[in-house]
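Residue strings, one per chain:
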Amino acid sequence: MGPQGSDQQRNRTVSESIPPKSTPLTEFNRSLGGRMVPFAGYEMPLQFDGIMAEHNHTRSQASLFDVSHMGQIRVTGTDAAAAMETLVPGEISALGVGRMRYTQFTNPQGGILDDLMVTRFADHLFVVVNAAVKDADIALMRGALGTDNVDVLEDRALMALQGPAAAAALSSLAPAANELSFMEAAAIDVGGIDCLVSRSGYTGEDGYEISAPSVHAASLAEQLLGHPHVAPAGLGARDSLRLEAGLCLYGHDIDETTTPIEAALAWSIGKRRREEGGFPGAETIQQQLRDGAACKRVGFLPEGRAPAREGAAIENQDGQEIGQITSGGFGPTIGAPVAMGYVDAAFAQLDTAVNLVVREKRLPARVTKMPFVAQRYHKS
Amino acid sequence: MSGKKFSQDHEWIEMDGDIGTVGISDYAQEQLGEIVFVELPEVGATVAAKGQFAVVESVKAASEIYAPAGGEVVEVNGALDDAPETINSGAETTGWIARIRVADPGELDALLDDAAYREFVSGLED
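Chains A and B supply the protein sequences, listed in that same order.
Per the working numbering, residue 2 is the first one in the first sequence, and the count goes up by one each step.
Per the working numbering, residue 67 is the first one in the second sequence, and the count goes up by one each step.
To be clear, the hints were calculated from the coordinates, so they are not data collected in a lab.
As the structure is a prediction and not an experimental result, all values here were calculated from the model.
All residues carry an ideal CB built from backbone N, CA and C; glycine is no exception.
Watch out, some of these pointers could steer you wrong.
[What the hints assert, rightly or not] For each label pair, taking beta carbons as the anchor points, the in silico distance ranges come out as:
1) A:L290 - B:G117: 49 to 55 Å
2) A:Q321 - B:G117: 29 to 35 Å
3) B:D75 - A:R291: 52 to 58 Å
4) B:A145 - A:R363: 23 to 29 Å
5) B:A176 - A:G305: 45 to 51 Å
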């Protein structure tokens with residue numbers, strides 16, 4: 002028995018060359034029986050009870066994920082929002098206090114350097130970026146905003162509490178959490194710990210991301226896991242949950258070679274920014290908004306049970322390659338394989354029949370609307 | 067159990083005459099987690115010892131299964147098409163993958179017996 006495909010091999014090479022860092026919860030995760038793996042330079046739990054069990058528990062009750070590997074950054078300065086807008090196509094200036102936005106750092110070609118969440122608090126912006134590229138993100142922000150205005154919060158943990166029972170569980174420790182709607186955030190005392198709490202996540206379920214001082218991280222995690230409906234979950238379930246929710250994984254579904262328009266993320270660019278531009282790659286992105294992009298990220302439901310994974314070729318009915326799968330696997334809630342990838346725009350319409358090439362076999366599949374599992378966010 | 071021989075890649079083979087039943091070990095299924103798909107070999111196909119002859123997919127990843135001995139595939143466990151999770155519940159029994167007419171029984175000499183395999187596995191655990 003041995004791993005198949007280039008992805009595992011690539012991860013292994015990375016993991017062998019650099020010793021992984023700990024998060025404030027690494028020891029705690031190990032004490033819970035987490036199977037630890039190196040991920041984006043950190044030692045992270047892949048799973049506790051099993052990926053499928055954790056996935057299903059998140060959809061039916063609530064799960065606690067350690068996501069402290071992600072970068073948490075405090076951005077200050079009088080023109081912080083305007084300065085951030087020189088780096089991202091998202092609307093930041095008009096963002097109200099306690100509101101958050103999903104956006105992307107773009108390059109001059111319109112490609113995506115990272116995707117991120119920006120939250121406006123009264124006197125600063127709170128930014129969360131992906132672990133794998135956070136050093137580059139920080140350098141980029143310091144260049145645009147000044148080093149003194151970009152404070153990396155190294156002493157904070159980040160956890161995600163996700164699932165239909167998340168609101169009841171967090172509210173039992175912090176009633177104010179119940180007042181937040183999807184994509185709102187506030188500084189909230191959770192069980193005696195000063196936290197930044199946002200109603201957001203990466204699973205398609207209602208839930209929260211909670212930033213807490215590292216010294217209190219294990220205590221907070223213990224309190225949350227004390228709720229009868231909350232169980233720990235790892236990166237494996239996080240990946241299958243976000244895939245079913247149709248959400249992009251940076252470095253796989255989006256990267257420097259894909260624009261937000263090609264990635265079907267045009268919804269994250271507001272009207273004013275589309276018209277005014279003023280972000281890297283604006284010309285390309287505006288042109289694609291006008292004329293359409295040459296390729297597009299779409300979802301696929303393969304027939305049968307064989308998963309089509311990252312790197313699988315997508316062929317049209319004539320056997321010509323029209324794109325590639327960027328994420329794929331088995332969707333436990335769907336009970337069948339699900340995948341996403343890029344195809345030439347001519348083949349991006351819903352229900353287009355294609356073949357996914359898996360181990361030289363052609364699996365019939367159809368272009369399918371995403372999310373595969375309906376998102377259940379708490380909207381006001 | 068005592069008749070099984072194991073590879074260090076976590077496959078097992080159990081001989082009955084010149085026919086060997088092949089599967090993955092309980093340790094292997096535990097490592098893989100929930101099995102969601104098994105690509106079975108074709109009946110009639112010829113496989114080489116240590117050659118890839120099946121693929122087992124968990125939620126997370128696809129894993130190649132190597133033949134512990136070479137020969138001709140004479141039967142596959144078709145029940146795995148509809149119930150791949152049978153490998154999780156019975157990796158070394160009902161979750162067998164295929165039967166091979168072993169061409170050279172001498173190839174089994176390189177494999178571990180049950181006790182030696184359990185010892186090998188205990189050395190892999192954290």
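Hint check results:
no.	hint	result
1	A:L290 - B:G117: 49 to 55 Å	holds, 51 Å
2	A:Q321 - B:G117: 29 to 35 Å	holds, 32 Å
3	B:D75 - A:R291: 52 to 58 Å	holds, 55 Å
4	B:A145 - A:R363: 23 to 29 Å	holds, 25 Å
5	B:A176 - A:G305: 45 to 51 Å	violated, 36 Å
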